[in-house]
Amino acid sequence: MRKIYHRIIQISGNVITVEADNVANGELAEVKSGRGTSLAQVIRLDKGRVFLQVFAGSRGISTDSEVRFLGHAMRVAAADALLGRIFSGNGQPRDKGPALQENLIDIGGPSVNPANRIIPRNMIRTGLPMIDIFNTLVESQKLPIFSVAGEPYNELLARIAMQAEVDLIILGGMGLKYDDYLYFKETLDEHGALSRTVMFIHTASDPIVECLLVPDMALAAAEHFATNEGKRVLVLLTDMTNFCDALKEIAITMEQIPSNRGYPGDLYSQLAARYEKAVDFETAGSITILAVTTMPGDDVTHPVPDNTGYITEGQFYLVNGRIEPFGSLSRLKQQVNSETRADHRALMDNMIRLYAEYKESVEKQSMGFRMSNWDDKLLKYGAMFEQRMMDLSVNIPLEEALDLGWKTLAQCFEPAETGIKSDLVKQFWPKSDNADKKD
Amino acid sequence: MSDMLLTGKVTGVNGNMVSVAFDDRVTQNEVAFVLTDGNDRLKGEVIRVRGREADIQVFESTTGIKVGNKVEFSGQLLSVELGPGLLTQVYDGLQNPLPELAKEAGYFLKRGLYIYPLDREKTWDYSPAAKVGDCLKAGDTIGSVPEGIFTHRVMLPFAWAGEWEITWTAEAGAYNIDTVVAKAKNGDEERNITMVQTWPVKIPISCYDEKLMPREPLVTQVRIIDTFFPVAKGGTFCTPGPFGAGKTVLQHALSQRSEVDIVIVAACGERAGEVVEILREFPHLEDPRTGRHLIDRTIIICNTSSMPVAAREASIYTSVTLAEYYRQMGLSVLLLADSTSRWAQALREMSGRLEEIPGEEAFPAYLESLVASFYERAGLVRLRDGGQGSITICGSVSPAGGNFEEPVTQATLKVVGSFLALSRDRANARRYPAIHPLDSWSKYHSIVPKDKINEARAMLRTGNEVNQMMKVVGEEGTPTSDFVQYLKSEFIDAVYLQQNTFDKVDSGCGAERQQHVFDKLLDIIRHKFTFPDKDAARSFFQRLRQDFIDWNYCPWESDTFKAGEEKIDSLIKNGK
Ligand SMILES: Nc1ncnc2c1ncn2[C@@H]1O[C@H](COP(=O)(O)OP(=O)(O)O)[C@@H](O)[C@H]1O
Ligand SMILES: [Mg+2]
Numbered sequence: 001m002r003k004i005y006h007r008i009i010q011i012s013g014n015v016i017t018v019e020a021d022n023v024a025n026g027e028l029a030e031v032k033s034g035r036g037t038s039l040a041q042v043i044r045l046d047k048g049r050v051f052l053q054v055f056a057g058s059r060g061i062s063t064d065s066e067v068r069f070l071g072h073a074m075r076v077a078a079a080d081a082l083l084g085r086i087f088s089g090n091g092q093p094r095d096k097g098p099a100l101q102e103n104l105i106d107i108g109g110p111s112v113n114p115a116n117r118i119i120p121r122n123m124i125r126t127g128l129p130m131i132d133i134f135n136t137l138v139e140s141q142k143l144p145i146f147s148v149a150g151e152p153y154n155e156l157l158a159r160i161a162m163q164a165e166v167d168l169i170i171l172g173g174m175g176l177k178y179d180d181y182l183y184f185k186e187t188l189d190e191h192g193a194l195s196r197t198v199m200f201i202h203t204a205s206d207p208i209v210e211c212l213l214v215p216d217m218a219l220a221a222a223e224h225f226a227t228n229e230g231k232r233v234l235v236l237l238t239d240m241t242n243f244c245d246a247l248k249e250i251a252i253t254m255e256q257i258p259s260n261r262g263y264p265g266d267l268y269s270q271l272a273a274r275y276e277k278a279v280d281f282e283t284a285g286s287i288t289i290l291a292v293t294t295m296p297g298d299d300v301t302h303p304v305p306d307n308t309g310y311i312t313e314g315q316f317y318l319v320n321g322r323i324e325p326f327g328s329l330s331r332l333k334q335q336v337n338s339e340t341r342a343d344h345r346a347l348m349d350n351m352i353r354l355y356a357e358y359k360e361s362v363e364k365q366s367m368g369f370r371m372s373n374w375d376d377k378l379l380k381y382g383a384m385f386e387q388r389m390m391d392l393s394v395n396i397p398l399e400e401a402l403d404l405g406w407k408t409l410a411q412c413f414e415p416a417e418t419g420i421k422s423d424l425v426k427q428f429w430p431k432s433d434n435a436d437k438k439d
Numbered sequence: 001m002s003d004m005l006l007t008g009k010v011t012g013v014n015g016n017m018v019s020v021a022f023d024d025r026v027t028q029n030e031v032a033f034v035l036t037d038g039n040d041r042l043k044g045e046v047i048r049v050r051g052r053e054a055d056i057q058v059f060e061s062t063t064g065i066k067v068g069n070k071v072e073f074s075g076q077l078l079s080v081e082l083g084p085g086l087l088t089q090v091y092d093g094l095q096n097p098l099p100e101l102a103k104e105a106g107y108f109l110k111r112g113l114y115i116y117p118l119d120r121e122k123t124w125d126y127s128p129a130a131k132v133g134d135c136l137k138a139g140d141t142i143g144s145v146p147e148g149i150f151t152h153r154v155m156l157p158f159a160w161a162g163e164w165e166i167t168w169t170a171e172a173g174a175y176n177i178d179t180v181v182a183k184a185k186n187g188d189e190e191r192n193i194t195m196v197q198t199w200p201v202k203i204p205i206s207c208y209d210e211k212l213m214p215r216e217p218l219v220t221q222v223r224i225i226d227t228f229f230p231v232a233k234g235g236t237f238c239t240p241g242p243f244g245a246g247k248t249v250l251q252h253a254l255s256q257r258s259e260v261d262i263v264i265v266a267a268c269g270e271r272a273g274e275v276v277e278i279l280r281e282f283p284h285l286e287d288p289r290t291g292r293h294l295i296d297r298t299i300i301i302c303n304t305s306s307m308p309v310a311a312r313e314a315s316i317y318t319s320v321t322l323a324e325y326y327r328q329m330g331l332s333v334l335l336l337a338d339s340t341s342r343w344a345q346a347l348r349e350m351s352g353r354l355e356e357i358p359g360e361e362a363f364p365a366y367l368e369s370l371v372a373s374f375y376e377r378a379g380l381v382r383l384r385d386g387g388q389g390s391i392t393i394c395g396s397v398s399p400a401g402g403n404f405e406e407p408v409t410q411a412t413l414k415v416v417g418s419f420l421a422l423s424r425d426r427a428n429a430r431r432y433p434a435i436h437p438l439d440s441w442s443k444y445h446s447i448v449p450k451d452k453i454n455e456a457r458a459m460l461r462t463g464n465e466v467n468q469m470m471k472v473v474g475e476e477g478t479p480t481s482d483f484v485q486y487l488k489s490e491f492i493d494a495v496y497l498q499q500n501t502f503d504k505v506d507s508g509c510g511a512e513r514q515q516h517v518f519d520k521l522l523d524i525i526r527h528k529f530t531f532p533d534k535d536a537a538r539s540f541f542q543r544l545r546q547d548f549i550d551w552n553y554c555p556w557e558s559d560t561f562k563a564g565e566e567k568i569d570s571l572i573k574n575g576k
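Protein sequences appear in the order of chains A and B. Residue numbers for the first sequence follow full-length UniProt numbering, so the first one is 1 and each next one is one higher. Residue numbers for the second sequence follow full-length UniProt numbering, so the first one is 1 and each next one is one higher.
One chain only, chain A, in its complex shape (with noise of 0.2 Å):
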């Protein structure tokens, strides 16, 4: 039984400051109040000073409330009864069942080494022409949703976890609407992939900093499957922008010198060590993220979906509804889209080209001048591209989109229009006589 100190010196935010020795960086800690007992974890040691984030927040903390030191750092129980199992954010279990106690292992592990790792391989089918032919998912990628708030993110999220085939998806809900977790439940349910799934859920109304835990709690676990066990696995993280603002309010609390807007300066590099876990392995599994970070005020730039943009391996950008094709990006597309069809990467090109140029035209006929028969022709496919490719109720395979992309070209243009190599032209320009028939 390790010792029990009871002489808080200083409360400040979520931070504490106790007295004590023998502590380690980085270990856990119960203090126990008027309001309950939270775990606490240390952030900062200083001769005989110790700092501890409260991650149920210090309200109710009184300078002789209890706290005792657990000798380790937050941990998982790395088993496959952790499957159909719903955690809340501190890793108390929020379904009915037992705690977990076998096999734990730490969270927030090091890094995969970059030797042991493989160029990835595997397209991830999504139906979504927006996402198939022109950012490819992959297995192993990590790649989030940018979207502002009252779009249809989770839905989206949701949607694409269903169609996915992968073995195991584990869901970190971070400041999750209560309403949110229920409809990841029903649809979880719905397809049958609960018992096939592991939650860890820290809603809106809970402590802001307990959702600190949860990306490293889904991540340890996911890694564990995937090393010990070769699954793959999808972890879905909604939403990783109330991650940064919990981390946001720890570092103003211990004075830490902001960088951006009051992000701390290392906000970066505490996004990597968690979506650097996405990783694809020769001889085990693989993981893969799918994310959401919501832009407050629909800015790219905003510190959160800047520093998520330059970690993370492409993002799909979700405006009104829509995937745009503007700003979305999946980096890991030509791993993959040279070997789905000779014509996929072509199309994917010149059919955003063209319809950047019917933008242009767009923006021209907003300001009245009259439109030349070229602008015509990108006008007509402008409206043929955003009804066909990008409506997220579109649901077809990725070679039925490749050829309703070529039929789509050939009802607007001539085929030295689009810029296509000749050779590709050949092969796949639809037939005159069919392709300008209907619509």
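Hints are computed from structural coordinates only; laboratory data are not their basis. Misleading hints may appear alongside valid ones.
Claimed, not checked - Computed far set for chain A versus chain B, every beta-carbon distance over 10 Å: (1) ARG2; (2) ILE4; (3) THR37; (4) THR63; (5) ALA81; (6) SER88; (7) GLY97; (8) ILE208; (9) PHE369; (10) ASP375; (11) GLY419; (12) TRP429.
To be verified - To be clear about the criterion: a stretch of chain B counts as covered by chain A if any three or more of its residues have a C-beta under 8 Å from a C-beta of chain A, and this derived list gives those stretches: (13) 113–122; (14) 537–549.
Stated by the list, open to error - With a straight-line cut-off of 27 Å between C-alpha atoms, the simulated DSSO-like cross-links for lysine-lysine are: (15) B/LYS562 / B/LYS528; (16) B/LYS110 / A/LYS231; (17) B/LYS504 / A/LYS421; (18) B/LYS110 / B/LYS66; (19) B/LYS534 / A/LYS359.
The beta-carbon is built from N, C-alpha and C at its ideal position, and this holds for glycine as well.
Following the hints, position chain B with the ligands against chain A.
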């Protein structure tokens, strides 16, 4: 190797900074080890001394460290090992070979595990060069071994001051790197020379006669660079741009296609996955210049974003020191650092923990001088044997929010010789490589004569002005002659500035081909076309573009290349 190890005790832990009360003395920037209860021995570097307390930046996670833990001071500055066998290696920021670490520790990195950078067993075919009685200085050649296609020089250690007289040399033969291959004396002191030496990474190696003006173009085979914004051997350039603009893809292209001897890839604080591509593909990709594999001329320093931050800071210095080592052999080295902003952020994190007075965006006030002294380590030098060696540095910069008015971009722009601005708009429009043709600049010489480039550049500028004007007055308000200028500028962009990085042929456009194709482009720019109306003009240029792009995909000097050229020529002739 002092017999009495100097020690201290941990007094505080703040992130990756550990404060230590020391017993005897410490040296600034010396390496120290923190010994944890769990018997881990964690490497760090002394970065500040105040009174009886030293602050150490620890290159590992500090979880589990306790106040009172023992600290050992090594007395050595943070150093790298230099010797044959560096090429083809994949190191972390502290020069630990990652594949060896993987063999020892499995899937994950293991803190406190350090492995010799160079193979101790492997033997090399050594040929002596220096003779007994020769008087040599630091950096002078003792002998050599073949390392791949290169003659790897074994040199008098760079740290040895004064003149040394060779007293003994080994015969030609196969030795491992620790074998004594020569002995030398200076006054009463005699020392052994092996094939390996160490050098502190934060100090430039300066065993050369003088620094020269970089003039010779470094051919990257990227058209927009070599023609419009060239780089010189021994020069410096940077590629700032927002995320997704193509910084990494561009650096990968440079690492494969650049006409230099050695490429050092410093993956500094960015995605591990991107290094893996190099790591897995380079052993199989042919080096078109030598017929061997690309990996044979490459060293990879990999301290990616989730690896320890302090080691990320060190990785930049490790990389440039290795570059300097090969430069000393009279080779041309290209150092690609992706991204220097992550290095600057590592500096910022540490500066914050030291509670230094911050500069802009909380970067340390001395950021500019650190950035400058990093790029200063590039250069073309004349070695003491009369030969020349060069280091060219390309740093990518990742400005917050894509805004170039931020400290790292600004500090970099002050010191580099060429600025390749990657633009979000161009990337969005899939105009790759997304180097902005109007915002970028270079101080170096192009492979194409200046007056010709000025013509093309003028056309780009005019085209841009017409385009701006059209946004105000519309296409109908624009004279056809202006409109044709605009089409010409778009044409230059589509067929010359843009280049398909992922196509085997188009991705590598050699100097000769660039000169040839550029002349063709000029023909078109100069040609006075007359079109009945704008639609006719547009459709003519669309056709011409198609033929030109097809031409770009034909191998240089092949039959299809010649046929493609004839097709273009006749189209121009018949065009009105
Ligand atoms: N030259 C290029 N050709 C084709 N696609 C490119 C090119 N450069 C970048 N891209 C696309 O943009 C993505 C992001 O490029 P990357 O170099 O990783 O950006 P950055 O390093 O600036 O964040 C790539 O994954 C690729 O899909
Ligand atoms: Mg990059």
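Kindly indicate which numbered hints from before are broken by the structure, ordering the numbers from low to high.
9, 10, 11, 13
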